[in-house]
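Full structure from sequences and hints, please.
Numbering (my numbering), first residue to last: 322 to 909.
The set of hints was computed from the structure by calculation and includes no laboratory data. Possibly wrong hints are sitting among the right ones.
[To be verified] When the alpha-carbon atoms are kept at most 20 Å apart in a straight line, the in silico SDA-like pairs for lysine to any residue are as follows:
#, residue 1, residue 2
1, 508, 539
2, 374, 395
3, 728, 746
4, 848, 815
5, 813, 779
6, 657, 617
7, 752, 874
8, 657, 692
9, 644, 472
10, 494, 437
11, 483, 514
12, 810, 714
13, 746, 675
14, 508, 694
15, 848, 860
16, 873, 724
17, 374, 392
18, 874, 726
19, 858, 888
20, 838, 811
21, 408, 466
22, 508, 521
23, 408, 467
24, 508, 495
25, 644, 680
26, 412, 472
All values derive from a computational prediction rather than experimental measurement.
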Amino acid sequence: MNQSKKLVSKIIPLIAALLILTAGITWFIQTTNKKIEIPFSSVERTIQNQNGKTVALTEHSDGSLLLEAGNHKYVSHVPPNSQMVDKLVEKYNITYSFSNSSTYGKWIMAGILLALVSTALVLQKTKGGLGLSNSMKSSVSQARPLPDISLEDVGGIGEEMKEEILQTLSSLKEPERAIKMGIKPPKGILLYGPPGTGKTLLAQAIAHELNAAFFSASGSAFNELFVGVGASRVRSLFQNARKQGPAVIFIDEVDALAGRRKAHGGEEAEKTLTELLVQLDGGQSNDGILFIAATNRKDMLDEAFLRPGRIDFTFQVPLPDTKGRREIIDIHTKGKALSAEVLASLDELAESTSGFSGAELQSLFETASRMAVRNGQEVLTKADLDYALDRTILGSTSRSLQDIDTKRRVAIHEAGHAIVASLTKPGSVRKATIIPRGEALGYVAPIPKELHLSTTSDLLDRIAMVLAGGVAERMLLGEHSIGVSGDVKQAKQIIEQMVDTGMIQGGFTLTFNKQDKEVKMQGLFEKGIEKAENLIKSHQQQYQHLVDSLLKKETLEGFEVEDIVWGKTPVISDDVLHINEMHVTEAQ
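Below is the structure:
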């Protein structure tokens, strides 16, 4: 930053001085010129005074006239839209010419060129070469401060994976022992997995474990429009790393640099990749240098980049499991003031955030902490965490429903989802609400569990739960609303997957005919509808209590849903808007 300021402080005075010099030269030429300025009305008289001798008349695009008669030069200006010049040329012995350039155009261009040349010379002296190229090189070839994070500080990484990484690093930390055992130190490591799983943190922890100089860059930092710049940056990066070894070179989003090459090739990006391949394993001595690359898209990487000798170890960094999420939660709650209720529910939170990455868990606690600060609290409460979960999954809350009919329809819809979910999978509901959030007018938030192998029965229960909202609307209100579109789309995906994998009750059969496939899909759809209808009809009282409670409280926690569905129903006051029994009778 300071070097840039110094460079600017040198260039600006230079340019200003050159502009002043150019203006001074122009003024000097103009004032010392021996040309005689005459009005246009005197031009014809001046030509007549030559007594038929040839005179030269030059007309410029700016309207100025240059008349050379005898030993004198005269300057004049043509009035706008005047035809007098043409008449003079026809009438007298005149050599006429027209010029597009300004009278002082050549001097101005010379001044601009002089300014550009001088600026280039200043850059040459300041940077020792083309300043732009050198600054590009240095932007990625400078070592970063050594990270203070260790492998113990990286949560969500399996013990087996940590052990493999430590075994891999042992040959670098103890090279003499590795040589005795005939082990060659690894040249490159690839970390791949979904976004937010801690690949960058893991690379920093490896650099910390090796106590090595840390060079970090993004894959896109090597791609430039200028020919040869990307390859030059790669060379500069490895040269600096060799000088400061032991060193770790980390390139994030490496797919932008090492993407699969095209058939014909010749692009600048491919030349940069070629230089990277040469630097990794092309006769260069990389002793004491460990190359680490990270990407979300391993499938896009070039095969030559992935081969052993360049990338010796590949580690998948997956989304954390329950144990991993618990470790990450411990990291992000360290130093935070938590209520006793939150401390007691951290294990439950780890179980209910299946599919969350480490970055999403960090964002979850940041959102909860901001909510606590906004409410003027001293500690983080369970309500703050619930808000953060809903905010992370569904988006921000919009205003409450004001229309009574819409509010009632949403309550009927969400109660249908809630009762079928609770009956088919007890304890699976975290919250049911009719408060709009994101694009949803209401929602039933499930408690996600770890991935498992779903059976046909599990998926049929899932279809029934997804379709239960629309089923409930038709049973009580006679028809469903456009709000079921998302449910139908989700149910269709599950049904299509079941038919494609032969998960049909009564046998393991695959269907290859489009018509037969549609028939089986329709059958599964009808089974889901039937199951949802039967569950709601057979638990009519519990269902009505769910609707009434949603209309009264707008939000029900998971334990409240369980209490209502499984018989621990709270007393509901008479002023609650009950479901019209006529609608129930008509629907039946």
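Verification of the hints:
no. : hint      : result
1   : 508 - 539 : holds (19 Å)
2   : 374 - 395 : holds (16 Å)
3   : 728 - 746 : violated (27 Å)
4   : 848 - 815 : holds (13 Å)
5   : 813 - 779 : holds (15 Å)
6   : 657 - 617 : violated (31 Å)
7   : 752 - 874 : holds (12 Å)
8   : 657 - 692 : holds (14 Å)
9   : 644 - 472 : holds (16 Å)
10  : 494 - 437 : violated (53 Å)
11  : 483 - 514 : holds (16 Å)
12  : 810 - 714 : holds (19 Å)
13  : 746 - 675 : holds (17 Å)
14  : 508 - 694 : violated (48 Å)
15  : 848 - 860 : holds (18 Å)
16  : 873 - 724 : holds (14 Å)
17  : 374 - 392 : holds (12 Å)
18  : 874 - 726 : holds (16 Å)
19  : 858 - 888 : holds (16 Å)
20  : 838 - 811 : holds (18 Å)
21  : 408 - 466 : violated (81 Å)
22  : 508 - 521 : holds (18 Å)
23  : 408 - 467 : violated (84 Å)
24  : 508 - 495 : holds (15 Å)
25  : 644 - 680 : holds (16 Å)
26  : 412 - 472 : violated (97 Å)
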